Structures are given as structure tokens and as C-alpha cells.
Amino acid sequence: MGEMVISIQDVSFQYPDQTAFALQDVSLRVQRGEWLAIVGHNGSGKSTLAKMLNGLHYPQTGQVTIGGLTLSEDNVWAIREKLGMVFQNPDNQFVGTTVQDDVAFGLENNGVEQTKMKERVLTALQKVGMTAFLNQEPHHLSGGQKQRVAIASVIALRPDIILLDEATSMLDPLGRDEVMDTIRELKEKEGLTVISITHDLEEAAKADRVVVLNEGSVYTEGTPQEIFQMDQELLQLGLGVPFSVRMSQLLADEGLLLTQRHFNEEELVRDVWTLNFTK
Amino acid sequence: MDIKLHEVEYRYAAGTPFERMAITDVSFHIPSGEYVAIIGHTGSGKSTVLQHLNVLLKPLKGEIDIGSRTIAAGRKEKNLKEIRRRVGIVFQFPEHQLFEETVEKDICFGPMNFGVQEEQAKQRARDAIRLVGLPENVLERSPFDLSGGQMRRVAIAGVLAMKPDVLVLDEPTAGLDPRGRLDMMEMFASLQKKNGLTCVLVTHSMEDAARYADRIVMMHKGRVYKTGTPRDIFSDRDSLTAIGLDVPETIRFQHLFEEKLGYPLKHLCLTPEELAQEIRRLRGDRQ
Ligand SMILES: Nc1ncnc2c1ncn2[C@@H]1O[C@H](COP(=O)(O)OP(=O)(O)OP(=O)(O)O)[C@@H](O)[C@H]1O
Ligand SMILES: Nc1ncnc2c1ncn2[C@@H]1O[C@H](COP(=O)(O)OP(=O)(O)OP(=O)(O)O)[C@@H](O)[C@H]1O
Ligand SMILES: [Mg+2]
Ligand SMILES: [Mg+2]
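One line per chain: the protein sequences are L and Z, in this order. Just so you know, we're using the numbering used here here: the first sequence kicks off at 1 and counts up by one. Just so you know, we're using the numbering used here here: the second sequence kicks off at 1 and counts up by one.
Everything labelled a hint here was simulated from the structure, so no lab data went into it. If you're wondering where the values come from, they're calculated on a predicted model, not measured in any experiment. All C-beta atoms, glycine included, are put in the ideal place defined by N, C-alpha and C. Hints are all accurate, no fakes.
Covered stretches of chain Z (in silico footprint by chain L; criterion: 3 or more residues with CB under 8 Å from a CB of chain L, positions within the stretch not fixed):
1. 35–43
2. 88–101
3. 145–153
4. 241–255
5. 264–277
Ranges between beta-carbon positions, derived for each pair:
6. Z:P17 - L:Q18: 46 to 54 Å
7. L:H139 - Z:D25: 25 to 33 Å
8. L:N135 - Z:R126: 46 to 54 Å
9. Z:E100 - L:T115: 47 to 55 Å
10. Z:E77 - L:E233: 52 to 60 Å
11. L:H139 - Z:P31: 32 to 40 Å
12. Z:F18 - L:D10: 45 to 53 Å
13. Z:G115 - L:S72: 53 to 61 Å
14. Z:N195 - L:S72: 52 to 60 Å
15. Z:N195 - L:R270: 38 to 46 Å
Using the sequences and the hints given, assemble the complete structure.
See the structure below:
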């Protein structure tokens with residue numbers, strides 16, 4: 001077993017003046033170096049949970065421990081140094097008046113020295129392909145450009161844990177792959193832990209583990225293979241299946257023979273071919 | 001209502017040191033009742049084009065015909081209310097179009113602004129909220145106390161309640177859960193098919209563009225790169241990859257299958273359903 005970097009225990013949370021709980025008895029553990037995807041219907045509590053890990057909300061019952069620190073108002077800044085978050089709406093995250101100031105802001109707060117800071121800002125912006133916009137005001141960017149800058153700001157901080165709340169929802173497919181590959185590389189090289197809240201099933205399929213939230217509670221968790229076996233049940237939960245699984249279903253419905261439902265297009269093609277076209 | 005763009009150009013912060021060219025020489029036609037998808041890399045000018053369709057932005061060069069009106073560069077345009085009523089936009093960020101203290105007031109604002117009586121507007125709000133898959137008690141809540149996907153749904157409901165002739169959608173499914181995304185796309189398609197609405201969709205989902213659009217406009221660096229039917233556009237993979245895009249997953253899968261087969265299928269399959277049927281048919285032929 002690897003080292004636990006996050007442990008959430010029996011956490012519940014209710015927004016003021018709301019009858020329903022946004023989170024109810026949520027327990028969850030995350031290992032160092034793991035890529036965890038969190039999926040769930042709109043309003044299932046994903047962003048509320050994310051904001052709790054970032055110390056924007058505090059649990060009303062239960063407790064949250066991050067990198068050995070139990071979240072409280074006293075250590076929220078220490079926790080934010082360990083865990084960097086990209087918000088669902090990038091506009092809520094911008095603080096600088098130019099793209100480069102915005103990325104530098106967090107570094108300055110952490111006391112990173114000037115020349116080092118410059119270099120880290122540039123490297124981060126390079127990684128997301130935004131060096132042509134250094135002096136643009138972040139609010140005056142296109143949707144996808146805003147998301148790229150928001151991601152750069154967190155990459156530059158080099159936290160131990162990155163939490164992405166639908167951080168690539170407005171990127172074009174290639175751009176999304178590029179950004180995700182960058183983060184995957186940081187995970188492989190530097191042991192970064194990644195928590196990714198996403199509605200993108202292809203992305204969830206690449207995670208080490210998937211947690212499904214439903215109406216504020218953990219519905220189930222497992223490997224992507226385990227989760228996407230559920231198919232019909234997933235629809236009820238507001239979810240769906242990745243392309244290869246869907247394609248497998250459709251081919252099976254058409255009467256083609258398959259050994260199993262596939263998560264990988266190459267394997268699916270090979271299977272369809274061998275069982276149906278080589279006799 | 002036909003919309004035609006003629007050599008439209010727009011620069012942000014024009015005349016200041018921060019001036020930035022966003023679109024230039026953009027011409028294309030949105031025929032009444034059609035479903036047009038606009039695709040393109042991040043920053044290619046899609047949202048800028050959309051904001052011209054109901055004159056939130058005015059061209060700095062060129063002109064736009066919107067129904068019987070012509071919006072031309074360098075002219076003062078008065079009385080845009082009729083256009084705003086008939087062309088409804090769902091913005092890329094729902095936060096940019098929500099502002100009232102309750103969801104109900106927010107949804108009613110558009111219709112009442114255009115002369116619909118309060119009671120009727122409230123009825124429209126109830127209908128619209130159901131259409132976007134939210135419970136009726138959301139109407140009493142503040143739109144800013146909702147989750148991202150719930151806000152998105154309210155923003156869509158607000159535009160539907162105006163009963164526009166042209167539905168302009170800027171990545172309307174970003175932030176929706178997978179089920180909601182499917183339901184919402186099917187709803188837009190049915191409004192277009194059954195009620196004759198015109199749909200203009202900006203999307204990063206090549207799958208949605210392939211499935212729903214009659215016509216696709218490809219944007220690249222502020223210009224129209226190419227227009228055509230989904231079949232035209234997606235049979236030319238090279239021109240897509242040249243501007244940072246690619247074919248839908250279905251077509252990638254078709255290509256993988258064709259590699260095994262050694263020859264191409266009779267036609268390009270735009271949806272997974274179509275491809276599964278085609279593969280079944282082919283197996284039948286070979287047996
Ligand atoms: N308010 C603004 N002020 C200055 N420049 C802007 C503004 N909004 C957009 N731009 C610039 O204009 C260009 C086109 O932006 P636009 O928002 O139309 O792109 P887009 O195709 O919608 O991109 P995305 O897919 O990322 O949403 C971009 O380079 C962007 O940086
Ligand atoms: N500021 C707030 N005040 C009151 N209720 C809120 C607030 N923010 C969220 N909620 C409610 O709490 C529940 C969980 O919201 P949350 O934002 O965590 O959902 P989510 O899973 O992130 O959804 P989405 O996929 O739409 O982003 C929802 O029912 C939402 O309406
Ligand atoms: Mg959320
Ligand atoms: Mg845009």
C-alpha cells in the first residue's frame with residue numbers, strides 16, 4: 001500500500017438555508033502518486049468536495065486530512081501549498097491584470113525568488129501553449145485560453161497534489177490531450193497526485209481509480225473497468241460510457257460476436273475482426 | 001430567418017494599444033431552419049462570430065444580414081430589440097448571462113422584457129426548467145448558489161423561454177453531465193427539426209458536429225477555413241489536422257477497421273450507430 005496523502009472521513013456539509021445536504025457521510029482516501037477521477041451528475045457535490053479540500057468550505061461533521069495536516073482555519077495556507085486547485089470557472093481564479101502576473105502571483109506569495117519565478121512562469125505558460133499572451137488581461141481571453149492560463153498558474157506552483165475541477169471542459173480535443181499529457185508527465189516524473197473532477201468519460205477511463213458521487217454521497221468506486229461495466233446503471237446516475245464501450249454495445253446489439261466489452265479501440269477492432277471476418 | 005455574414009471583421013479594444021484582431025474576412029450563410037456547427041481551435045474566433053449574430057458585437061468591417069435587417073460597419077444601429085428577441089444566445093460561460101436574485105426572475109426577464117405578461121412568463125419558466133431537466137423548486141433559488149451544470153441548465157432555460165427563432169449555442173454542453181449533454185443535444189435537434197428553429201452551435205465535440213449539423217464552418221486564426229456538409233468536412237482528415245482538429249471517434253474507429261479490411265467501406269459513417277450497422281451488413285455480404 002502506498003502512502004495516503006488525503007483522507008476524508010465521514011464528511012457532511014450543508015450550504016446555509018438549504019434543506020438538502022451537498023455532501024453526506026463522504027469517506028475517501030487518495031494515495032500518493034495516484035490519478036483519481038471523480039464523476040457524478042450535475043449537483044452531486046463534486047465542486048463542494050473540491051472546495052473543501054482547498055479549505056474554502058469546512059466539514060460540518062467528520063474531518064479532512066491532507067499530507068498529514070487535519071484541515072482547520074489555522075493550517076489552511078499550509079494545505080493550499082500542498083494542494084493546488086483549478087476552479088470550474090477560471091474567471092473566479094484570476095487575480096493578476098496580465099497573464100504573466102496572474103501565473104506569478106502564487107509564486108510571489110510563496111516567496112520564490114525573482115529570476116527563478118520568471119523562469120517558472122514562462123515554463124508553465126509554455127506547457128499550456130500560452131506564451132503569445134503574456135501581457136493580455138486574463139479576463140479578456142477566449143474560453144479555452146482562460147482554462148489554459150488557469151492550469152498554468154497551478155502547474156507553476158508545483159504542488160504535491162493537483163485538483164482539477166472540469167479544468168479542460170472548454171478545450172478542443174487536441175488541446176485537452178496536450179494539457180492532460182503534460183499533467184500525466186508531471187505525475188510520472190515527480191510523483192504528483194492528481195484528482196480530476198470530470199464529465200469526460202474518455203478522461204475518466206484513463207484514471208487509476210474512479211469515484212462516483214450521487215446526491216452528495218459516494219455511490220461506488222473502482223477501476224475504470226469496474227465502473228464502466230455498470231452501463232445501464234450509469235445512465236440512471238446521469239453518466240454514460242466511453243466510446244469503445246458504447247461501440248462494443250452497438251456491435252453486440254447488431255449481432256456481431258465479441259469476447260467482451262472493450263476499453264480500447266484497437267482491441268475492439270481486433271476482436272470484431274477475428275470473431276466475425278476471418279472464417 | 002436567414003443570416004448572412006459578408007467579410008466581417010472585428011478587433012477587440014480597437015484603436016487602443018491593446019487592439020487585437022479576433023476575426024477577419026468572415027463570410028458564410030446560415031439558411032433559415034438549418035443546423036450549422038462552427039468548429040475550430042481555441043481562440044480561432046468562434047465566440048466572437050456568435051456575438052455578432054444578435055449584435056452584441058458590431059462588425060468593424062463588412063456587414064451582416066439578419067432577416068430583413070442589415071447591420072453594417074460604421075453605422076449607428078437603433079432598435080435592436082426585435083433581433084434580440086428572435087436570436088437567443090447561450091453564452092460560453094453561463095455566469096455571464098445570469099443576474100437576477102432568483103432563477104424564476106432570471107428566466108422571466110427575457111420574455112417580460114419583450115412584452116410577455118408576468119403570469120405567462122412564469123408559465124414559460126416552469127416549462128423551460130422542466131425541459132432542461134431541473135426540478136421546479138430550483139425556480140426559487142438564487143442562480144449563483146447552483147452548481148456549474150445547474151447554472152448552465154438555467155442559462156439554457158432562460159433562452160428557451162424567449163422562444164427565439166434562432167438558437168445560438170456557444171459550447172452549450174460544457175459542464176453538463178454525460179446524460180444531460182445527450183438530453184440537451186437531442187432537445188436542440190428536436191426544436192430544429194420539429195419547430196423549425198435555426199440552430200448555430202459552437203462545439204469542440206466533433207461527434208456532435210457530425211451527428212447534428214447540416215453544415216459545418218471551420219474557423220482558423222480568425223478566418224473561415226472551410227465550409228461543407230459533415231460528410232465533406234470529415235472525409236478530409238488532413239485539412240482537419242492541419243488546423244489542430246481531428247475526425248470524430250467513430251470515423252477514427254472506421255479507419256482502424258478499414259486497415260484490417262484492406263479497403264474502405266462504401267461511405268463515411270458519421271455516428272456509431274451507423275457504423276455498427278455498416279459492419280453488420282458487411283459481415284452479411286461476406287458470408
Ligand atoms: N474581450 C476580449 N478582449 C481582447 N481580446 C479578446 C477578447 N475576447 C477574445 N479575445 C481574443 O480574440 C481571439 C478570438 O477569441 P474567441 O473568444 O472568439 O475564440 P474562440 O474560438 O471562441 O475560442 P475558445 O474555443 O477558446 O472559446 C482570441 O485570440 C482571444 O484572445
Ligand atoms: N453556494 C451555494 N449555496 C447553496 N447551495 C449550493 C451552493 N453551491 C452549490 N450548491 C448546491 O449544492 C449541491 C452540490 O453542488 P456542487 O457544486 O458541489 O455540484 P457538482 O457536483 O460540482 O455539480 P456540477 O457537475 O454541475 O458542477 C447542488 O445541489 C447545488 O445546487
Ligand atoms: Mg461542479
Ligand atoms: Mg469561445
